[in-house]
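Engineer: Listed here are the chains, written in short residue letters.
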Amino acid sequence: MESHDVIIVGGGPTGLSAARRLADLGIRDVVVLERETETGGIPRHCGHLGFGWQSHKRLWTGPRFAAELRKSTKGLDVRTATTVLELLKDGQLRIQTPSGLGEMAAKHVLIATGTRETPRSARLVGGSRPQGVMNTGALQQHVYLHHNKPFDRPVIIGSELVSFSALLTCRHLGIKPIAMLEENPQISAPRPGDLIARFVFGVPVRTSAKLIAIEGRKNVEAVEVERRGKREHIACDGVIFTGQFRPETALMPTGLPSEQFSSAGNVFGPLKTSGECWQQGVSAAEEIAKRLAN
Amino acid sequence: MEQRFDIAVIGGGVVGLAILRRFAIAGLKCVLLERGSDILSGASKGNSALLHTGFDAPPRSLELRCMKAGYAEYLRIRQKLNLPLFESGAIVVGWNEAELAALPAIVEKAHKNGVKDVRAISQTELRLKEPNLAKNALGGVFIPGEHIIDAWSAPLAYAHQALAHGAIILRNADVTDGEFTKDAWTLVSKRGKITASIAINAAGNFGDLVEMIARLSPFTIKPRKGQFVVFDKPACKLLRAIILPVPTAHTKGVVLFRTAFGNLAIGPTAEDQDEREIATCDSETLNRLKSHAVEMIPALSNVDVNATYAGLRPASEHSDYVIEAVKGKNWITVGGIRSTGLTASLGIADYVSQLYDKNFGKLPKKSPERFWTPVPNLSEGRIRPYMKGDEIVCHCEHVTRGEIDTALAEPLPAGDMGGLKRRTRAMMGRCQGFYCSAHIAEITKGRFDGKP
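Going down the list, the protein sequences come from chains A and B.
My numbering numbers the first residue of the first sequence as 1 and each following residue consecutively.
My numbering numbers the first residue of the second sequence as 1 and each following residue consecutively.
Hints listed in this document are in silico derivations from the structure and should not be mistaken for laboratory results.
Watch out, some of these pointers could steer you wrong.
Pair ranges (Cβ atoms, derived) [as the list claims (entries may be wrong)]: (1) 124(B) x 2(A): 44 to 52 Å; (2) 192(A) x 277(B): 41 to 49 Å; (3) 406(B) x 67(A): 33 to 41 Å; (4) 99(A) x 85(B): 45 to 53 Å; (5) 56(A) x 191(B): 42 to 50 Å; (6) 161(A) x 319(B): 50 to 58 Å; (7) 406(B) x 77(A): 29 to 37 Å; (8) 446(B) x 253(A): 33 to 41 Å; (9) 284(B) x 271(A): 23 to 31 Å; (10) 442(B) x 105(A): 33 to 41 Å; (11) 191(B) x 88(A): 49 to 57 Å; (12) 217(A) x 442(B): 29 to 37 Å.
Subject to a maximum C-alpha distance of 30 Å in a straight line, what follows is the list of computed DSSO-like cross-link-like pairs (lysine-lysine) [unchecked claim]: (13) 57(A) x 272(A); (14) 218(A) x 222(B); (15) 109(B) x 68(B); (16) 89(A) x 129(B); (17) 218(A) x 193(B); (18) 218(A) x 190(B); (19) 218(A) x 29(B); (20) 218(A) x 445(B); (21) 237(B) x 89(A); (22) 29(B) x 190(B); (23) 29(B) x 89(A); (24) 230(A) x 290(B); (25) 149(A) x 290(B); (26) 388(B) x 74(A); (27) 388(B) x 107(A); (28) 290(B) x 210(A); (29) 176(A) x 237(B).
Residues from chain A that keep clear of chain B, each with C-beta distances beyond 12 Å, as calculated [stated by the list, open to error]: (30) 28; (31) 64; (32) 215; (33) 235; (34) 241; (35) 276.
C-beta atoms are modelled at their ideal positions from N, C-alpha and C, and glycine is treated no differently.
Hey, can you work out the whole structure from these sequences and the hints?
Structural biologist: Dropping the structure here:
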């Protein structure tokens, strides 16, 4: 079985920064496994500014940040289109590559599979199932990677930082959200987020507004919202479910299988920015280097 | 279309497709007219995908007869069409003393229906079989022959086999009117006029409306909505058998079952409505279903929900199916086929062919299948294309680029995004398209326009 010192599962900010740091610490036998055809992770499709400060002391867009991460790992063993299917015991992995199924092993495996937003289904939102309902992540890919405008007048559900990323993404292609709906009495992003939404983007923020149902046959036609005990219908042609991030733990539904595995970045602990993930990748690499030395 | 067909089937659900397959194999010239932009876009798109023995069906009913015949034929043909079968068995569980008391009658009815291997099991045996069930499961009835299948691959395979035997399937072909003159029907559809010697109404939730083309409908469709909640794959390990409730007069009740795709689902509810097309979910009911599942299997509280959906079954005021030939009108009615339709479809097709034989002309005595059209496997635990290294597009369900291309290819390319999802399961996993939906939108751009 192919075997290495370290295997890193996930080629996003955490995984790539850990790979770079391990190489700098003199640990050369490191492989990064990335299931997509390109590394860089979520920043690849965050087309707006706000990336790179912690790592490079620059203010970049997400794709630029992702490109810099790729550049920094040039020459390292980074394998795309390689999917880890299952964590076995003793640092072994079941994988899928362009040549089929296989197994790999390492003295240490770092899980850096990141995070994703909670989709409509897991929120148990009622209504029909028309087209035009998506998370911010999917919207960003539509807009920044494929230059596709999935709707014109959506509502945004949630008011976390990522909800503002959704606003920026909409603005990029001239999509004009009708409203930002927040279930809680206050918005989740730090103040004055609501003022920014209203005055910078021209999008009203409605707090204490709970989404009850999505309406529409083929495409979204309206949403039903409950606000202060009253129900109202808001006409719109799309719904963007933002935030409520959940770690991508599909590989470890009952936790890590043995001590040869550890996790870092957004698959581990509370939600972090890509810069914080990058830093956590550095610390994880140092931790792993120490372990390997012992 | 200028040509004259022997058979025109109205409705491209599992029942219509099984009928189309049956007559096409018999060598008749057949056409199927489907109102949706793809097959399986009505009642057939949202069911629980179980293969039933008929142990609890009304004795001596046509439904039971068709279910038994359909069950047997599915087992006969499934390997040649590459269709899955998960021999899970089912257990009717008694959760309190009153339900426990109702179990012996269920065993008795099953035996009367000819399902002889059904037997009562004690609480000890129940716990041995299903250790994750809640402690208040007191006992049960074990039905070894109830199985899990894949609700979309089976009818898709029937469609492909019908096409291979020369049938034609027209989509976006809503039948709005028709005229019977002397010996043939001229059906008016959104895709033009179709002439056929015999028309067969398998229009599901629109069955009574289509029936009006031929006569005053002997049945009225009362769409019955069923909502479902689907748990993520780790849940699958928590259950083996299909868990059935003690049934009521109105419905078979809410079922907890594994799916062929390695998930665990609960549903359906039974809610009567007038709307024939749109089945909506409501969060109250979804929450109730989820809690109900957790009550039955407490360990489910740690598993995420992947998906929710709702289906509409074409119930009618009759307790049995309405399948009859209208003599002098060259018309066959296939109406009120409720949730058992997936199991019964092949049996219904056979029964309909007998009605044809009796009333409208002789079918060849023996007409073995000349072509087999195995469909791509979507189910867990069997060979899938990603295992050979094909590029994965949908990571949650391991759907490959090759599978998507196949679903978009002739002879029956997916007619819309829903059709693509049903053919591949792309975007139906835990992330619901967070990672891949934009990529798939790009792949399918312009591919759904103007498909026949």
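Engineer: Take the hints in turn and mark each one as holding or not.
Structural biologist: Going down the list of hints, with the structure as the test:
no. : hint                        : in the structure
1   : 124(B) x 2(A): 44 to 52 Å   : holds, 48 Å
2   : 192(A) x 277(B): 41 to 49 Å : holds, 45 Å
3   : 406(B) x 67(A): 33 to 41 Å  : holds, 34 Å
4   : 99(A) x 85(B): 45 to 53 Å   : violated, 31 Å
5   : 56(A) x 191(B): 42 to 50 Å  : violated, 59 Å
6   : 161(A) x 319(B): 50 to 58 Å : holds, 57 Å
7   : 406(B) x 77(A): 29 to 37 Å  : holds, 33 Å
8   : 446(B) x 253(A): 33 to 41 Å : holds, 39 Å
9   : 284(B) x 271(A): 23 to 31 Å : holds, 29 Å
10  : 442(B) x 105(A): 33 to 41 Å : holds, 36 Å
11  : 191(B) x 88(A): 49 to 57 Å  : holds, 54 Å
12  : 217(A) x 442(B): 29 to 37 Å : violated, 24 Å
13  : 57(A) x 272(A)              : holds, 18 Å
14  : 218(A) x 222(B)             : holds, 23 Å
15  : 109(B) x 68(B)              : holds, 15 Å
16  : 89(A) x 129(B)              : holds, 28 Å
17  : 218(A) x 193(B)             : holds, 26 Å
18  : 218(A) x 190(B)             : holds, 18 Å
19  : 218(A) x 29(B)              : violated, 34 Å
20  : 218(A) x 445(B)             : holds, 17 Å
21  : 237(B) x 89(A)              : holds, 19 Å
22  : 29(B) x 190(B)              : holds, 21 Å
23  : 29(B) x 89(A)               : violated, 59 Å
24  : 230(A) x 290(B)             : holds, 26 Å
25  : 149(A) x 290(B)             : violated, 35 Å
26  : 388(B) x 74(A)              : holds, 29 Å
27  : 388(B) x 107(A)             : holds, 27 Å
28  : 290(B) x 210(A)             : holds, 20 Å
29  : 176(A) x 237(B)             : violated, 45 Å
30  : 28                          : holds, 28 Å
31  : 64                          : holds, 20 Å
32  : 215                         : violated, 8 Å
33  : 235                         : holds, 17 Å
34  : 241                         : violated, 9 Å
35  : 276                         : holds, 21 Å
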